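Peer 1: As they're listed, the protein sequences go chains A and B. Note that the first sequence covers residues 57 to 168 in the working numbering. Note that the second sequence covers residues 40 to 154 in the working numbering.
Be careful, since some hints might not be right.
[Said to hold, decoys possible] Now the in silico label distances, taken between C-beta atoms and shown as ranges:
hint: 1; chain 1: A; residue 1: K98; chain 2: B; residue 2: P100; range: 26 to 32 Å
hint: 2; chain 1: B; residue 1: S109; chain 2: A; residue 2: Q128; range: 24 to 30 Å
hint: 3; chain 1: B; residue 1: R112; chain 2: A; residue 2: D135; range: 39 to 45 Å
Hints are computed from structural coordinates only; laboratory data are not their basis. Predicted model only: the values in this text are computed from it and were never measured. Idealized CB from N, CA, C, for every residue including glycine.
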Amino acid sequence: QQQVKQSPQSLIVQKGGIPIINCAYENTAFDYFPWYQQFPGKGPALLIAIRPDVSEKKEGRFTISFNKSAKQFSLHIMDSQPGDSATYFCAALETSGSRLTFGEGTQLTVNP
Amino acid sequence: KAGVTQTPRYLIKTRGQQVTLSCSPISGHRSVSWYQQTPGQGLQFLFEYFSETQRNKGNFPGRFSGRQFSNSRSEMNVSTLELGDSALYLCASSLASTVNTGELFFGEGSRLTVL
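Input sequences plus hints: build the corresponding full structure.
Peer 2: In structure tokens form, the structure reads like this:
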């Protein structure tokens with residue numbers, strides 16, 4: 057049972073564009089929402105994370121927008137670069153939990 | 040500071056065999072989690088250990104097992120391998136006693152191919 061749904065599955069943008077990746081969840085016990093970036097042949101690496109008590113968090117060119125009532129959150133990448141080409145995963149964690157539930161992943165390609 | 044180290048990186052097995060994968064967490068990290076990554080199912084949680092105790096287990100059959108040693112190193116074992124067990128097995132470590140207060144650091148994974 058997929059508890060975190062991610063879209064789109066793949067995304068192609070031009071350099072400087074602003075790709076947006078969306079995730080939706082059902083479990084209201086989730087209270088920690090990280091995004092991971094994975095390059096081919098590497099393990100996922102934490103990019104940015106947010107808790108439901110804030111609606112937006114920004115770190116460098118990466119921004120998470122969070123809508124608690126809609127149970128949705130999204131990742132925006134400002135001024136995207138070819139080096140941002142990777143697979144991005146959203147995830148969610150329950151209160152006092154120890155297991156991350158991941159979305160299906162989005163393969164992002166940023167063309168030069 | 041060394042990252043999470045997984046061995047072996049690649050291995051090929053045949054159906055019915057068993058396999059043991061090893062994970063050395065970042066020094067000082069006491070929580071180790073295992074995930075299975077496949078193109079069809081994405082990243083699926085296997086289990087998590089903290090101070091040698093399994094704290095959580097995912098929805099995998101009993102053929103999948105793991106353990107953690109006193110030095111926080113962890114191993115996972117898959118017995119009676121099936122073709123569908125072909126996957127990238129990822130280990131992640133965390134400093135915090137509960138994952139949601141800290142960052143998960145992933146290794147590069149062990150890619151298992153079952154023929």
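Peer 1: A separate judgement is required for each hint: does it hold in the structure or not?
Peer 2: A quick look at each hint next to the structure:
1. A:K98 / B:P100: 26 to 32 Å: 28 Å, holds
2. B:S109 / A:Q128: 24 to 30 Å: For Q128 (chain A) against S109 (chain B), whose Cβ atoms are near 43 Å apart, the range 24 to 30 Å is violated.
3. B:R112 / A:D135: 39 to 45 Å: Given a distance of about 41 Å, which is inside 39 to 45 Å, the answer is holds.
Of the numbered hints listed earlier, the single one contradicted by the structure is hint 2.
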